Amino acid sequence: MLKELDPILHSQLRLALISILVGVKQAEFSYLKEKTNSTAGNLSVQLQKLKDANYIEMEKSFKNNYPQTMCKITKIGIKAFEDYVKDIQIYLKPKKK
Amino acid sequence: MKITLQTDMNENLSPEKSFETISAMINTAKNKLADDGFLFIFWGWLVCFSSLFHYVFIKLDIQGGEYVWTLMPLGGIFSAVYAIKQNKRESVKTYVDDYLKYLWIAFGISLIIALLNMPTIGVKDTYFFFMILYGFATMVSGGILNFKPLIIGSIFAFICALASSYFGNAEQLLWIALSLICSYIIPGHMLRSQYKTEINA
Chain A
0 MLKELDPILH SQLRLALISI LVGVKQAEFS YLKEKTNSTA GNLSVQLQKL
50 KDANYIEMEK SFKNNYPQTM CKITKIGIKA FEDYVKDIQI YLKPKKK
Chain B
0 MKITLQTDMN ENLSPEKSFE TISAMINTAK NKLADDGFLF IFWGWLVCFS
50 SLFHYVFIKL DIQGGEYVWT LMPLGGIFSA VYAIKQNKRE SVKTYVDDYL
100 KYLWIAFGIS LIIALLNMPT IGVKDTYFFF MILYGFATMV SGGILNFKPL
150 IIGSIFAFIC ALASSYFGNA EQLLWIALSL ICSYIIPGHM LRSQYKTEIN
200 A
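If you're matching them up, the sequences are chains A and B in order.
Numbering-wise (numbering that gives the first Met the number 0), the first sequence opens with residue 0 and increments by one.
Numbering-wise (numbering that gives the first Met the number 0), the second sequence opens with residue 0 and increments by one.
Check each hint, because a few of them may be wrong.
Unchecked claim - Computed cross-link-like contacts, DSSO-like style, restricted to lysine-lysine with a CA-CA straight-line distance of at most 30 Å: (1) B:Lys16 - A:Lys50; (2) A:Lys2 - A:Lys71; (3) A:Lys32 - B:Lys100; (4) B:Lys100 - A:Lys74; (5) A:Lys48 - B:Lys16; (6) A:Lys24 - A:Lys48.
Read the hints as simulated data drawn from the structure, not as lab findings.
Quick caveat, the model's predicted, so the values are computed rather than measured.
Take these sequences, add in the hints, and give me the full structure.
Printed below as a string of structure tokens:
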């Protein structure tokens, strides 16, 4: 029986965000917005969901008097991503006849 | 690879689409050139000019040529300020940025220790060690950045270090200048040009 995919990551925008964050040390909100081509509102919602699942950490500060949100993947997030990749590999394996 | 992301919460994401999303996003920052080459150019020209200035003063038998090296601490302060500003400007921090940061901190500490020990180990060995350090740091940087001109330049710095040991103290200054042209100035300008091309792409 095929395993159910992690519902937190099984959403294209959240999966894209985790995929970006797994390859960098940390990224600003503006960088994630540019790379995923998403709207600020939707991005905030999806980032918050990842944060609620403890997959990412968010740090708010100011840069040139403008608010800045820095995002960083957590160990839990890395593990969840690795598990998700393993799970989709099972789905992608060619079925035996 | 450009993909259009679906943001609908009830989207039906197939494993193929998941795989495509991961492949497209995971390397977004991988190709980002982590160095704009400015500090290579800055230090290359500064130390090259200082070496030549000192050499000319020695050859013309003019006292005080060594005072040109007082520019180095000023250069150090300027570099630190530049690096901090650059770091603040970046919207993404990669592990490559970290590797480079620690490499150049280690390089700076090694250089300072060698300078402090100059009265004990002598001018000739200190200059020799500097060229080894230039070669070492630029080769590692070139490897981290996957930028061949820095790796090739570093080999020239090692050759200069080796060749310089057959010459006197004054001539070693010329070898230092040459090693910097090969390992800092030329690759630095090439790195900057590539960085600008990538930024404007």
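For each hint, the structure was consulted:
1. A C-alpha spacing of about 23 Å is found between lysine 16 (chain B) and lysine 50 (chain A), which places the hinted pair at or below 30 Å, so the restraint holds.
2. This hinted pair checks out: lysine 2 (chain A) and lysine 71 (chain A) have alpha carbons roughly 28 Å apart, not beyond 30 Å.
3. The straight-line distance between the Cα atoms of lysine 32 (chain A) and lysine 100 (chain B) is roughly 27 Å, inside the 30 Å bound, and the hint therefore holds.
4. Using a Cα cut-off of 30 Å, the hinted pair lysine 100 (chain B) and lysine 74 (chain A) holds, with the two alpha carbons roughly 23 Å apart.
5. A threshold of 30 Å between alpha carbons decides the hint, and for lysine 48 (chain A) with lysine 16 (chain B) the separation of about 21 Å falls inside it, so the pair holds.
6. At roughly 20 Å between alpha-carbon atoms, lysine 24 (chain A) and lysine 48 (chain A) fall within 30 Å of each other, so this suggested pair holds.
Consistency with the previously given hints is maintained throughout, with no hint failing.
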